[in-house]
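Undergrad: Sequence:
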Amino acid sequence: MRLSTRFKGIDRSGNLQSLIERRIYFALSRFSPRVTSVSVVVEDINGDRGGIDKRCQISIKLDRKDELRVDATHADVEGAVSLAANRAGRIVQRKLELWRSAQRQCKHSQKPTEQYDDVIPTD
1 MRLSTRFKGI DRSGNLQSLI ERRIYFALSR FSPRVTSVSV VVEDINGDRG
51 GIDKRCQISI KLDRKDELRV DATHADVEGA VSLAANRAGR IVQRKLELWR
101 SAQRQCKHSQ KPTEQYDDVI PTD
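Each step along the sequence shown adds one to the number in the UniProt record's numbering, with nothing skipped, and position 121 is 121.
It should be emphasised that the hints constitute simulated quantities derived from the structure, not laboratory data. Take the hints with a grain of salt, since some may be wrong.
[Said to hold, decoys possible] Dumping the calculated DSS-like pairs for lysine-lysine here, alpha-carbon to alpha-carbon at most 30 Å: (1) K61 with K95; (2) K8 with K61; (3) K8 with K65; (4) K95 with K65.
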């Protein structure tokens, strides 16, 4: 799983970078065989005006060429990253469950039909 991080309007610090890496790996490491790359964008929407204006956007590319996107906004960067990482973990889990259920349905629909010639009376 490759991880890339970009910052817009926020100072890049080693602590923030390591927080992002820890949160992403904690949320997505169990899906690492299926997740090919993760891109994180952290930005300050309003600049110095304050408020709930820190946004974290996460794009996740899966091995089947699907791309999932998650967005979270919070008053501070750490909160936005944590919210987005938690959402990312849930959405990847949901997507993989959908894949599994679709595979099960295909397997059940492809079962050969049994022959009941000896049960059906012929005239």
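Undergrad: Each hint needs a verdict: does it hold in this structure or not?
TA: We went through each hint and held it up to the structure:
Our distance criterion of 30 Å between C-alpha atoms is met by K61 and K95, whose separation comes to about 12 Å. Our distance criterion of 30 Å between C-alpha atoms is met by K8 and K61, whose separation comes to about 22 Å. Distance check on the hinted pair: K8 and K65 sit about 27 Å apart at the alpha-carbon level, within 30 Å; holds. Using a Cα cut-off of 30 Å, the hinted pair K95 and K65 holds, with the two alpha carbons roughly 12 Å apart.
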